[in-house]
Amino acid sequence: MSAPTLDRPAAPDEVALQAQFDATIAADHRIEPRDWMPEAYRKGLIRQIAQHAHSEIIGMQPEGDWLLAAPSLRRKAILLAKVQDEAGHGMYLYSAAETLGADRADLTDKLIERKQKYSSIFNYPTQTYADVGVIGWLVDGAAICNQVPLCRSSYGPYARAMIRVCKEESFHQRQGFELLMTMMGGTGAQRAMVQDAVDRWWWPSLMMFGPPDDDSPNSAQSMKWGVKRHSNDELRQRFVDMTVPQAAVLGVTLPDPELALDPETGRYRFGAIDWDEFKQVLAGKGPCNDERIARRRAARDDNAWVTEAATAYADKHAS
Amino acid sequence: MTDVTAEGGKNTPSSPPLASSGRAPGRGRRDWPLYEVFVRGKRGLNHVHVGSLHAPDDEMAVHAARDVYTRRNEGVSIWVVKAAAITASSPDEKDPMFAPSGDKVYRHPTFYEIPDNVPHM
Numbered sequence: 001m002s003a004p005t006l007d008r009p010a011a012p013d014e015v016a017l018q019a020q021f022d023a024t025i026a027a028d029h030r031i032e033p034r035d036w037m038p039e040a041y042r043k044g045l046i047r048q049i050a051q052h053a054h055s056e057i058i059g060m061q062p063e064g065d066w067l068l069a070a071p072s073l074r075r076k077a078i079l080l081a082k083v084q085d086e087a088g089h090g091m092y093l094y095s096a097a098e099t100l101g102a103d104r105a106d107l108t109d110k111l112i113e114r115k116q117k118y119s120s121i122f123n124y125p126t127q128t129y130a131d132v133g134v135i136g137w138l139v140d141g142a143a144i145c146n147q148v149p150l151c152r153s154s155y156g157p158y159a160r161a162m163i164r165v166c167k168e169e170s171f172h173q174r175q176g177f178e179l180l181m182t183m184m185g186g187t188g189a190q191r192a193m194v195q196d197a198v199d200r201w202w203w204p205s206l207m208m209f210g211p212p213d214d215d216s217p218n219s220a221q222s223m224k225w226g227v228k229r230h231s232n233d234e235l236r237q238r239f240v241d242m243t244v245p246q247a248a249v250l251g252v253t254l255p256d257p258e259l260a261l262d263p264e265t266g267r268y269r270f271g272a273i274d275w276d277e278f279k280q281v282l283a284g285k286g287p288c289n290d291e292r293i294a295r296r297r298a299a300r301d302d303n304a305w306v307t308e309a310a311t312a313y314a315d316k317h318a319s
Numbered sequence: 320m321t322d323v324t325a326e327g328g329k330n331t332p333s334s335p336p337l338a339s340s341g342r343a344p345g346r347g348r349r350d351w352p353l354y355e356v357f358v359r360g361k362r363g364l365n366h367v368h369v370g371s372l373h374a375p376d377d378e379m380a381v382h383a384a385r386d387v388y389t390r391r392n393e394g395v396s397i398w399v400v401k402a403a404a405i406t407a408s409s410p411d412e413k414d415p416m417f418a419p420s421g422d423k424v425y426r427h428p429t430f431y432e433i434p435d436n437v438p439h440m
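Residue numbers (this note's numbering), protein chains in the order written: chain P, 1 to 319; chain W, 320 to 440.
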């Protein structure tokens, strides 16, 4: 540490600050925006929250594709409300990222320049309206599994954003399940459509929890800091255990011949996940990566005139 | 990058600004000030901080706050405040700010011993 100069106050004692931070984490208290925090904690959180926010924003696209083709006004109103929620969730999360000193326009730029990631799941296409139901049931179900423990994340603004998100997410899952139950009570063709959607979305949903614990570089530190509360594999297992009985009620088959209840643990064993596919999608080679990013870029660039006009209006009326 | 941080008000002491990605800024959202949003859940309750957003002016900030934070009747009233207008105490000053009340136990009713047979106290 360099000697303090007259015009610049001495750097605060990092050791004491670190000790205070560690004590706050150890006591399971929350870290708040104006608290000192290690740079790695700040950077890791920005990475995670930005990735989460980007997922909400990109997540509007696969379902948004069906807004103009919803089968009834009721379904259209529901889907519109859901897609609006995803936008809102993105806003809560960008707002949390900004408490760490990030700038949300910068984060959007980084998403578009592919310098930051979003959930791999949104790079798959929605082929039929059953996909809307399956996304609600499986994708939002998996998201809930991930997000409920994040309500106790050590970073206050992130945890508070998650509480808000989780309250709203329950509607997302239930509307999806209800949609699927309705289709399963319909014609044979409709039931086949649901089964086809389940076949396509099941494995990508399991991948949403991220790589297995022994191949998850950020997990250990993140758990030590209380940012994450459970490992990827533990959350994935929870999701499978919750979902199998729901599939039975629905009357669909989950596309995994190895799926079976382990009588000793009371938990479901499941087959191997294709991590090569996961890595390909993360690397930008999924079915819809280019389309998703192109549309986000167009939204930023083509709508820039709206924000410019609003700024001009505000400037004019301020003087 | 502004010198205002969400939930931190002005001059957040512990957060150096992150480097900007360097895209040439237009006169767009990038220049919009940051607002902190407070919502009154129902009559009789305080306005409570719920988050922040960017808007070109105060009126648009209220409209945006309605869309972002009250999609399900979460409130009956919204306040928006420019984050730059908030001056916050610093965590570094925690002791000088709040410690003086710590040793004034006589400000709490439990400091005083009253016999059990005294009713209504």
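Quick caveat, the hints were computed from the structure, so don't treat them as lab data. Quick caveat: nothing in here was measured; it's all calculated off a predicted structure. Some clues are possibly wrong.
[Unchecked claim] Dumping the calculated DSS-like pairs for lysine-lysine here, alpha-carbon to alpha-carbon at most 27 Å: (1) W/K361 / P/K316; (2) P/K224 / P/K76; (3) P/K167 / P/K115; (4) P/K167 / P/K76; (5) P/K43 / W/K401; (6) P/K316 / P/K224; (7) P/K167 / P/K316; (8) P/K316 / P/K110; (9) P/K117 / P/K316; (10) P/K110 / W/K401; (11) P/K167 / W/K423; (12) P/K285 / P/K224.
[As the list claims (entries may be wrong)] Far from chain P, some chain W residues (derived; all Cβ distances over 10 Å): (13) T324; (14) K361; (15) P375; (16) R390; (17) R391; (18) G394; (19) V395; (20) A403; (21) R426; (22) D435; (23) H439.
[Said to hold, decoys possible] One side of the interface only, derived from the structure: several residues of chain W facing chain P at Cβ under 10 Å: (24) D350; (25) G360; (26) G363; (27) L364; (28) V369; (29) H373; (30) D376; (31) E378; (32) V381; (33) D386; (34) Y388; (35) S408; (36) S409; (37) V424.
Even for Gly, the Cβ is constructed at its ideal location relative to N, Cα and C.
* **Interface hint compliance - W/S409 to chain P, C-beta minimum distance less than 10 Å** => holds, 6 Å
* **Exclusion check [W/P375 not at the chain P interface, CB over 10 Å]** => Non-interface label fails for W/P375: nearest chain P Cβ at 4 Å, not farther than 10 Å.
* To do: Would you mind confirming whether the straight-line C-alpha gap from P/K110 to W/K401 stays at or under 27 Å?
  => It holds: about 26 Å lies between the C-alpha atoms, which stays within 27 Å.
* Asked: Taking the closest Cβ pair, is W/D376 under 10 Å from chain P?
  -> Holds, about 4 Å.
* Taking the shortest Cβ-to-Cβ distance between W/H439 and chain P, state whether it exceeds 10 Å. => holds, 38 Å
* Quick one, are P/K167 and P/K115 close enough, alpha carbons at most 27 Å? -> Not OK: P/K167 and P/K115 at ~30 Å, beyond 27 Å, violated.
* To do: Report holds if the minimum CB distance from W/V395 to chain P is greater than 10 Å, and violated otherwise.
  => W/V395 is indeed farther than 10 Å from all Cβ atoms of chain P, at 18 Å.
* To do: For the pair we were handed, P/K43 and W/K401, check the Cα-Cα distance against 27 Å.
  => holds, 26 Å
* Does P/K316 lie within 27 Å of W/K361 when you go C-alpha to C-alpha? -> Cα-Cα ~35 Å, so violated.
* Asked: Far enough from chain P: is every CB of that chain over 10 Å from the CB of W/R426?
  -> holds, 24 Å
* Hinted contact W/G363 with chain P - closest CB pair below 10 Å -> Violated. Min distance 22 Å.
* **Minimum Cβ-Cβ distance from W/R391 to chain P exceeds 10 Å** => Answer for W/R391: violated, closest chain P Cβ roughly 7 Å.
The structure is inconsistent with the numbered hints 1, 2, 3, 6, 7, 8, 9, 11, 12, 13, 15, 16, 17, 25, 26, 27, 32, 37, although it conforms to all the rest.
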